[in-house]
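The chain contents come next:
Number of protein chains: 2
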Amino acid sequence: MSEQDLGITESKSHATGDWYAEVVQKAELADYAPMGGFIVTRPRGYAIWEGIQDHLDAEFKATGVQNTYFPMFIPESFLEREKDIVEGFDPEVAWTTHGGHEELDERLAVRPTSESIIAPFMADWIRSHRDLPMRLNQWCSVVRWEATETKPFFRTKEFLWQEGHTAHRDEQSAREETMTRLDQYERLYEDVLAMPALTGRKPDHDKFPGAEMTTTVETLMPDGKSVQAATSHYLGTSFAEAFDITYADEDEDDCVAHTTSWGLSWRAIGALVMLHSDEQGLVLPPTLAPEQVVIVPIWDADSKEHVLEYADEIAADLDSAGLRVGLDDRDNRNPGFKYNEWELKGVPLRIEVGPNEVEEESATLVHRPDGEQISVERAGISDTVDDHLDEVYAKLYAAAEQTLDGAIREADSREEILGTIGQHGGYVEAGWCGDEACEAPIKDAVAAEIVMVPFEDDPIHEECAICGEPAARTAYFARTY
Amino acid sequence: MSEQDLGITESKSHATGDWYAEVVQKAELADYAPMGGFIVTRPRGYAIWEGIQDHLDAEFKATGVQNTYFPMFIPESFLEREKDIVEGFDPEVAWTTHGGHEELDERLAVRPTSESIIAPFMADWIRSHRDLPMRLNQWCSVVRWEATETKPFFRTKEFLWQEGHTAHRDEQSAREETMTRLDQYERLYEDVLAMPALTGRKPDHDKFPGAEMTTTVETLMPDGKSVQAATSHYLGTSFAEAFDITYADEDEDDCVAHTTSWGLSWRAIGALVMLHSDEQGLVLPPTLAPEQVVIVPIWDADSKEHVLEYADEIAADLDSAGLRVGLDDRDNRNPGFKYNEWELKGVPLRIEVGPNEVEEESATLVHRPDGEQISVERAGISDTVDDHLDEVYAKLYAAAEQTLDGAIREADSREEILGTIGQHGGYVEAGWCGDEACEAPIKDAVAAEIVMVPFEDDPIHEECAICGEPAARTAYFARTY
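Which chain is which? The protein sequence lines are A and B, in order.
Position 245 of the first sequence, counted from 1, bears residue number 245 in our numbering, the numbering being contiguous throughout.
Position 77 of the second sequence, counted from 1, bears residue number 77 in our numbering, the numbering being contiguous throughout.
Just chain A, same shape as in the assembly:
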């Protein structure tokens, strides 16, 4: 890394998209692949994904989910079966047509999602009520050939995700499953990504095709747009009927299963980076940072030996305590360069030690998000650092929460919705009759849509803000990613 690689030149507030792309590349999370729409995920980016996987995978397994691997290809005739469920389903899929020098008899879709290959196997594996619930998940990549501008982690033709597919004996069990997964996604955002989130249902006209209910985790980006950060669907019996997922109950009667599906993609990385980072570069919560702490020793010729020894011992202490720690003892870089580089790369806590610290048996801690400096004692440094990492997490969360709280505004009329979105972005909470037609004028005028309907059934407004008819729900309008 050279001097000119260090600075972020774009402005987060004035050119959010360009700033985001610059942070992703300069912090070495990802590069653009030669084919438009694809990215290469570098070690510092992939480590974040591994952190997310580790957390979610443990939660899934603790609640009965088993991992599997289904083929990356789906025969065209299998995808066609979904047409029984979804009128005019016409996915933007990539087609593989040749194997070696031969043209294939039937072309193969590179999976855009795996319902149509998983469901027939579930139908085969499930015989009795004792086989239920069946909860399968896979971590894999999927491909959707959408012709939009590439935005690393947000919009890429190939992306990494997990897709869960479950079958249950009745509606109650399947609905509980849907909410269990939604709750786990929300916990991931709140407890690991330091991102407060809103949860609710999608309006009926924006459900997953074939679903009875689509639930969503929505997170707010700094430019006032909402990101659909994870979804969990109750599919009713529609997929089970189309793919014959049935079971024999206690009386040996044949019953149709109820199914769910739920997924989270590496878009979570995109939302994380965009929310917390700043004009010095990447900001990461200590939960996910590849290095939680970096020690930067400051020496001159006389003090070098003592300072490095002192820094080494601190690094060893932190390492023994299970912290992810780096020691930057490079000879060819000055401390200022190192500060800038580790700030760019999102290290949550920096420890500076020089001759003074050696003398006083202390260390200087610097918090990444706000530059707060604290002198602490050398003794008990692991526990102290642990506390400060918690504090850094709390700072990130509190700042995001404050932004979110301030970005939810009420509106009572069409004009008020349009004016508020146009001026502030964020979420506008309004009464809604439940008709898609009342979303249309908002979409047309300011490109905002109903991103979420709270789970509580009682609308807090009496009238639909658009048509004036009685409100059936409360709707959250926002622009989206």
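Everything labelled a hint here was simulated from the structure, so no lab data went into it.
Keep in mind that a hint or two might mislead.
Unchecked claim - Pairwise CB distance ranges, derived in the manner of DEER restraints:
| hint | chain 1 | residue 1 | chain 2 | residue 2 | range |
| --- | --- | --- | --- | --- | --- |
| 1 | B | 106 | A | 309 | 53 to 59 angstroms |
| 2 | B | 383 | A | 254 | 45 to 51 angstroms |
| 3 | A | 444 | B | 319 | 43 to 49 angstroms |
| 4 | A | 333 | B | 58 | 26 to 32 angstroms |
| 5 | A | 334 | B | 183 | 35 to 41 angstroms |
| 6 | B | 5 | A | 176 | 29 to 35 angstroms |
| 7 | A | 457 | B | 106 | 50 to 56 angstroms |
| 8 | B | 467 | A | 32 | 51 to 57 angstroms |
| 9 | B | 441 | A | 62 | 55 to 61 angstroms |
| 10 | A | 54 | B | 415 | 38 to 44 angstroms |
| 11 | A | 304 | B | 183 | 34 to 40 angstroms |
| 12 | A | 255 | B | 32 | 54 to 60 angstroms |
Unchecked claim - Here are some chain B residues the structure puts well away from chain A; computed CB gaps all over 10 angstroms:
| hint | residue |
| --- | --- |
| 13 | 130 |
| 14 | 186 |
| 15 | 409 |
Stated by the list, open to error - The calculated DSS-like cross-link candidates involving lysine-lysine, where the alpha carbons are at most 25 angstroms apart (straight line), are:
| hint | chain 1 | residue 1 | chain 2 | residue 2 |
| --- | --- | --- | --- | --- |
| 16 | B | 225 | B | 207 |
| 17 | A | 26 | B | 207 |
| 18 | A | 61 | B | 61 |
| 19 | B | 338 | B | 12 |
| 20 | A | 338 | A | 304 |
| 21 | B | 225 | B | 395 |
| 22 | A | 61 | B | 26 |
| 23 | A | 151 | A | 225 |
| 24 | B | 225 | B | 443 |
Beta carbons are placed, not taken as given, at the ideal position from N, Cα and C, and that holds for glycine.
Given chain A's structure and the hints, the job is docking chain B onto it.
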């Protein structure tokens, strides 16, 4: 699972291929996908892969490897660049030609291996000697459109693997890397899969295209054939030259890097299953078994409550000790059925508890590989079970080692090589001049080839067994998978 699903009907010794396929399906490791050449990996199969991943990934990370994710597609022009290295390189790849309704300008290969997409990025990321060594790995699936019969985990058009790609400043560093990875693969087989292995080099005529040296881990299957169980290549500077992977040394001189690559696929699962399993079904080492122990309580109406309570407590003890334990308290199956089912599924240790065990405060342990039964005290059961799991591992390893030791035979002439392979299979150790022409008659007559040349430079035979010229090496001939 019903009665007829339980038994393995094929004979391991007389119909190894059919027996293997039956074990894989009935033990619920994998099913055949609707497209020829593909399989669906079920939870019990995928859990074995996760066990292998967990072990290797930790070893890799402890030795400086970083995980990445590169696109699944490689533009045809990128693959073509490898032609600079490999004369007539013509991979059997699957081609993606359409995205949505549009034909692509350039067709995309579904990655058969990723050198040609990773190397250009390494070239970009490496500037100075300080960036070296660079060690990248990815866990992913690859596709090779080979028209052979599907054999789950052994031969499938899509398979899961890891591929490591590293760059170094000089030959010594790159050769050390090659051997570090080979050693880690060997340790995986020896310490986790209970499989003794042979390691050595491939003969020059069987190296990876473009490699200076290909090293291999070879394992022996019960039918006397050898499996190439992992490979690690020292690639010299050929890939670095073709893809411009260069760096500035301390004097700012431009130097060409030396690279390596190394990989292990889910073929490891196939070799594991084929080696240890038997005519009762799957046999797994405790290191990888999804359940290490299953408790089968045996009760009648009077004793049911006490037996189940006793079994519950043992299960809780083992679980607290970090063991993977199952308790089979199903009402609708008798103990005999349960024994058969858990034997089929490869559980290494069964614990039987009935009224006698409750009375005596004991438990009956049964080892999976040989049915040995041992009555042990209830007190201290977690430590006792731990010891018995070690013993089961040792039994599996010892049996495999005995088979391997007995399957390495020497030969001094072409006739002796042919006779020994024809009669016994296994490995035949012979002097070899180093010329590929001397392998040909063995290949033609008994379909055996030189699978491995030991690392020791001194041949143990003076003459080539085939042509009678001075021996340059010792060769291991075997039939292969």
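Structure-based check of all given hints:
no.: 1; hint: B/106 to A/309: 53 to 59 angstroms; verdict: holds (57 angstroms)
no.: 2; hint: B/383 to A/254: 45 to 51 angstroms; verdict: holds (49 angstroms)
no.: 3; hint: A/444 to B/319: 43 to 49 angstroms; verdict: violated (58 angstroms)
no.: 4; hint: A/333 to B/58: 26 to 32 angstroms; verdict: holds (31 angstroms)
no.: 5; hint: A/334 to B/183: 35 to 41 angstroms; verdict: holds (40 angstroms)
no.: 6; hint: B/5 to A/176: 29 to 35 angstroms; verdict: holds (30 angstroms)
no.: 7; hint: A/457 to B/106: 50 to 56 angstroms; verdict: holds (53 angstroms)
no.: 8; hint: B/467 to A/32: 51 to 57 angstroms; verdict: holds (55 angstroms)
no.: 9; hint: B/441 to A/62: 55 to 61 angstroms; verdict: holds (59 angstroms)
no.: 10; hint: A/54 to B/415: 38 to 44 angstroms; verdict: violated (58 angstroms)
no.: 11; hint: A/304 to B/183: 34 to 40 angstroms; verdict: holds (37 angstroms)
no.: 12; hint: A/255 to B/32: 54 to 60 angstroms; verdict: violated (28 angstroms)
no.: 13; hint: 130; verdict: violated (8 angstroms)
no.: 14; hint: 186; verdict: holds (26 angstroms)
no.: 15; hint: 409; verdict: holds (39 angstroms)
no.: 16; hint: B/225 to B/207; verdict: holds (20 angstroms)
no.: 17; hint: A/26 to B/207; verdict: violated (39 angstroms)
no.: 18; hint: A/61 to B/61; verdict: holds (24 angstroms)
no.: 19; hint: B/338 to B/12; verdict: holds (23 angstroms)
no.: 20; hint: A/338 to A/304; verdict: holds (17 angstroms)
no.: 21; hint: B/225 to B/395; verdict: holds (22 angstroms)
no.: 22; hint: A/61 to B/26; verdict: holds (23 angstroms)
no.: 23; hint: A/151 to A/225; verdict: holds (15 angstroms)
no.: 24; hint: B/225 to B/443; verdict: holds (14 angstroms)
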